[in-house]
Structure formats: structure tokens, C-alpha cells
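S.K.: Sequence:
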Amino acid sequence: MLNNQQQSAVDQKANFTGLYNHKYCRCSNDSINYLIGGRPLPQSWTCAAHTHQVLADRVFFASRERPPKPMVLGLDRTVHAVRYALGAGLIDAGWVEDLEVKDSSPDLRNDALQDIKQPLGRYTVIRTSSYIEIATDLRDQGHVTERLPGVVLRQRRLASAQEQSDAVAHVAARGLNPTGLEEMGFVCADVFIS
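Taking this note's numbering, the leading residue of the sequence shown gets -13, the next gets one more, and so forth.
Honestly, the hints are just simulated from the structure, not real lab data.
One or more of the hints may lead you astray.
To be verified - Computed beta-carbon distance windows for the label pairs:
id, residue 1, residue 2, range
1, Q104, R52, 40 to 48 Å
2, N96, G73, 23 to 31 Å
3, L94, E119, 16 to 24 Å
Please read all numbers here as calculations on a predicted model, not as lab measurements.
Heads up, the beta-carbon is just placed ideally off N, CA and C, and yes, glycines get one too.
Use the sequences and the hints to build the structure in full.
M.R.: Written out as C-alpha cells, the structure is:
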């Protein structure tokens, strides 16, 4: 969001109540549906293994679109998440890249945001990590970043007791409360809007 815009990112998204405190959000593309349709997703929809399920989801999501429909671009490090989101009509274009491992491709850098004015980004950030450095970089590019208050998404189950212990310690060290979240065995994420 550009600094000269009147409404904060949180205010712009305040009517998407379906996003708040949903317990079974498994991939970033599910959150896209919340932002577009504002409807909770059954847990089974996060694993679209069959073509008929993707097609059924496309019909379901299309029937719940609210005008005006924004252009939605997707980015995930997994092919299946992007393929599902494209197939179900949740995104208009998608890229499979892991920006934690390497820099973005020329296609993503040069083509993804071409001709898009005032992009609004939604970022899912695992609570064991700080988002301050990235938010600072975004601010330097003219964007205001805000955390959606009260929104915590469960991403997946923690793989072991050690991973759970580490997650609880990292979250607590950041001053966040792991009760009912990491403490219950989940990798959890905050949602930021820029």
C-alpha cells in the first residue's frame, strides 16, 4: 500500500471476517480464497488430489465471488499449491519460487506486477520468525505494512516434540503467546497486509 493512500490496509480488509481464527488453513492459496470470498474452507479442500475436486472447487469459488473482483497473483514454493489455485480459479497467475532459497526470477520480478497500480500484498509469516526486516524493505519502497490483528493461521502440525519445543521457545522469545497454537502442536502464522 502506498503511503499517500487514505485507508490503512487493515481497514481495507476489515470486512473479510472469514479469515479470522480459522483453524485449518493449510496453504497460502487458501488464504487467497478468504480474501476473495470470505468463506471458510473445509479442511479437505486443502488437498486437491483429483481433477474433479479442482473443477468442483472452481464452480464453488466462482459462485461466491464478490464484485469487484481484484486481480490476484499467487506465489508459493510448491507446484501443487500454485497448480491448485490456478485450476480452482483462485488466482489469475502464479509463480513457483522459493524466495527463501534464491532471488526471484526475472519473470516474477519483471512481469508479475507490470501494469498493476497500487498492489496490495498479503503475506503469511510463520510466528517463529520476525517480519520487521521485510516490512522495513517494503516501507523503503513506499508500502505500509500492518499485521491483521487477531489473525493466526494454523499452517501444519509440528513434526516432533523437539520442533514443538523450539517453536514455543521462539514464539515466546518474540513476546507472542503460544497458548492454543504452537503449544498445541501447530506451526502458526500471522498475516500481514502491505
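S.K.: Work down the list of hints and note, for each, if the structure agrees.
M.R.: Taking the hints in turn, this is what the structure says about them:
A beta carbon spacing of about 19 Å between Q104 and R52 contradicts the range 40 to 48 Å that was offered as a hint. Between N96 and G73, the C-beta spacing of about 25 Å keeps the proposed range 23 to 31 Å intact. The hinted range of 16 to 24 Å is satisfied by L94 and E119, whose Cβ atoms lie roughly 20 Å apart.
Violated hint for the displayed structure: number 1, the only one.
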